[in-house]
Amino acid sequence: MTFLSYLISGLSLGSIYAIIALGYTMVYGIAKMLNFAHGDVIMVGGYMSFVATAHLGWPPLASILLAVVVCTLLGVTIEQLAYKPLRAAPSLAVLITAIGVSYFLQNAAQLIWSSNPKSFTSVVQLPSLKLFDGQLTISSVAIVTIAACILIIIALTFIISKTKIGKAMRAVSEDKEAAQLMGINVNQTISVTFAIGSALAAIAGVLLSSAYPLLMPTSGAMPGIKAFTAAVFGGIGSIPGAFWGGLLLGLIEIFGKAYISTQLSDAIVFSMLILVLLVKPTGLMGKKIHEKV
Amino acid sequence: MRKHRFRILALVLALGMLVLAGCDAAEAKDTIKIGGIGPLTGGAAVYGNSVANGAKIALEEVNALGGLQFELNFQDDEHDAEKSVNAYNTLKDWGMQVLVGTVTTTPGIAVAAESYKDRIFTLTPSASSPSVIEGKDNIFQMCFSDPNQGIASAQYIADNALGSKIAIIYNNADAYSTGIYEKFLSEANAKGMEIVSTTTFTDDTANDFNVQLTDAKNAGADLIFLPIYYQPASLIMTQADAMGYTPKLFGVDGMDGILTMENFNTELAEGVMLLTPFAADATDERTVAFVNKYKEEYDEIPNQFAADGYDCVYAVYEACTKAGITSDMDAKAINDKLIATFTASDFSIDGLTGENMTWAATGEVAKAPKGMVIEDGVYVGMQGGN
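In order, the protein sequences belong to chains G and F.
Numbering (our numbering) for the first sequence: 1 to 293.
Numbering (our numbering) for the second sequence: 1 to 386.
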């Protein structure tokens with residue numbers, strides 16, 4: 001029973017990592033850049049939903065919608081203002097810019113909402129599910145999180161494999177110049193990628209804050225790093241990789257805490273990462289890239 | 001051309017700052033310069049801002065009394081030891097005569113080493129680890145030291161028979177939390193208390209407490225000791241509630257702030273016990289006046305850090321007045337006089353965080369912790385407490 005309860009905690013935490021990791025991996029796959037500000041877009045999503053429910057009294061669904069709209073706009077704006085001018089710059093410059101944007105968002109949030117933590121009211125107000133005569137309690141947030149993660153991965157797979165914009169994304173990811181020559185608007189495709197990634201960040205932000213209802217300007221930073229780890233774990237650039245990487249990371253974290261040591265849980269997570277990268281340097285599902293000479 | 005214009009703009013700005021800086025120096029002739037260091041931005045910003053705000057209020061009050069005049073320059077250290085030392089050097093260049101800082105422990109250890117070397121009198125509002133004051137005769141603490149809290153908590157639980165099987169969840173990446181835990185553990189063992197579950201977390205894993213709570217629940221713990229800050233504690237309460245697990249919870253001064261956290265469901269904190277030097281809901285005249293003023297100026301309810309900052313400025317003011325310090329003395333002369341005053345047997349301060357506070361030569365403060373329990377969303381003095 002305890003095992004099942006840990007399994008569900010792990011899946012729920014892993015689902016959140018997976019949703020965030022999808023944003024990292026999509027942007028990396030298409031724009032070939034590590035968007036370290038992604039974690040902070042999550043935090044903005046959490047705050048938006050918080051403001052809508054706690055201050056404006058909106059219903060939870062409307063607050064999620066607001067978070068998605070604001071984060072999408074924010075993601076696209078960041079891309080236009082900070083990353084687009086650096087399209088031809090070395091990748092290190094883009095990376096540093098992303099870190100700068102991350103700090104900018106954290107400090108802007110601190111100016112707007114102050115550094116005092118806020119307690120988030122879960123958007124899922126259903127009673128916990130009790131099974132086996134109350135021996136196993138599953139919180140409704142956990143169920144919604146896992147379900148949302150599965151829905152998102154199905155929708156994303158559909159968009160990427162079946163729609164025109166998905167086709168454009170795959171083309172840009174494979175070869176930017178060739179895609180441009182074939183008449184694909186590369187800039188627009190990258191913007192759409194950022195929009196989708198940021199919308200996912202908003203949903204992740206709401207789910208993260210619902211599961212762990214503590215909102216601070218730095219709330220997104222650590223989950224962002226963990227999700228980045230998950231994306232690398234699964235193979236950065238690969239969408240199923242981000243999904244499995246996220247889930248596995250969540251499970252390893254919880255099981256490591258439960259059965260090995262609460263002190264070493266992070267050490268266990270990162271040792272697994274090192275092991276995977278030693279055996280398979282491109283991550284679990286990463287594609288091997290052949291360098292053409 | 002565009003670049004050129006920027007350069008001119010930068011030059012104008014730089015000149016402007018020089019002029020402003022000049023004004024400051026001219027105004028500050030007859031004031032004693034107090035330097036403050038703490039995190040004003042970053043993850044620990046809530047503590048630094050609270051201390052700075054509390055200190056500012058005290059400063060206004062003290063200056064309004066018309067006696068010695070003070071000036072406060074509070075620098076940001078982002079809870080980072082290196083930046084803290086930089087902030088310290090900035091303050092030294094500014095001409096700091098007394099240091100109120102640092103707010104947090106890790107930077108505090110680094111800065112205290114410097115201010116000990118430079119002979120600048122230092123009173124930390126809230127860096128509670130003994131390593132901040134150890135072996136340094138001019139570093140004093142306004143807050144309880146961590147060992148004191150651990151020992152007092154264990155005694156409290158034992159004396160009042162609050163729990164028979166005890167679980168502990170602490171942050172093993174944090175010197176504050178670990179320090180309290182270690183002393184609590186040794187005192188609890190000495191008292192023959194039964195500790196059935198000990199689990200940890202770090203700042204990086206402070207979101208999911210399911211494992212720790214399940215461990216405590218399966219071990220049959222009826223009281224969980226939480227020597228941690230209120231942010232992770234709020235998550236523990238939420239998750240224990242979702243699990244349907246209702247042990248008694250016992251916290252330390254870091255738990256203060258839980259009731260004022262925006263949008264927090266205070267029903268979850270019902271029955272939580274804690275030892276704290278300051279409660280914003282206390283009804284004594286001094287606390288009420290401070291809380292009202294703080295709310296008016298900063299639109300927030302002050303926590304114990306704000307009260308520590310406030311008390312620090314008052315302690316410096318009273319000590320300076322008693323020692324006959326004037327603003328033209330250098331930091332070293334002030335340092336020697338203040339050490340003698342703080343450790344004198346007839347020197348005591350009545351503040352927000354305690355009555356009759358006195359200091360030992362080690363720099364440790366002596367004051368009685370107040371046992372509080374949360375009832376109907378407010379702190380109430382615990383029975384058998386003081």
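Check the hints yourself; a few may be wrong.
Unchecked claim - Dumping the calculated DSS-like pairs for lysine-lysine here, alpha-carbon to alpha-carbon at most 25 Å:
hint: 1; chain 1: F; residue 1: 248; chain 2: G; residue 2: 130
hint: 2; chain 1: F; residue 1: 322; chain 2: F; residue 2: 56
hint: 3; chain 1: G; residue 1: 130; chain 2: F; residue 2: 217
No lab work stands behind these hints: they were computed from the structure.
Being a predicted model, the structure only gives us computed values, none of them experimental.
Going through the hints against the structure:
1. F/248 - G/130: 23 Å, holds
2. F/322 - F/56: 21 Å, holds
3. G/130 - F/217: Since the Cα atoms of residue 130 of chain G and residue 217 of chain F sit roughly 17 Å apart, the hinted pair holds (cutoff 25 Å).
Hint violations for this structure: none, all hints satisfied.
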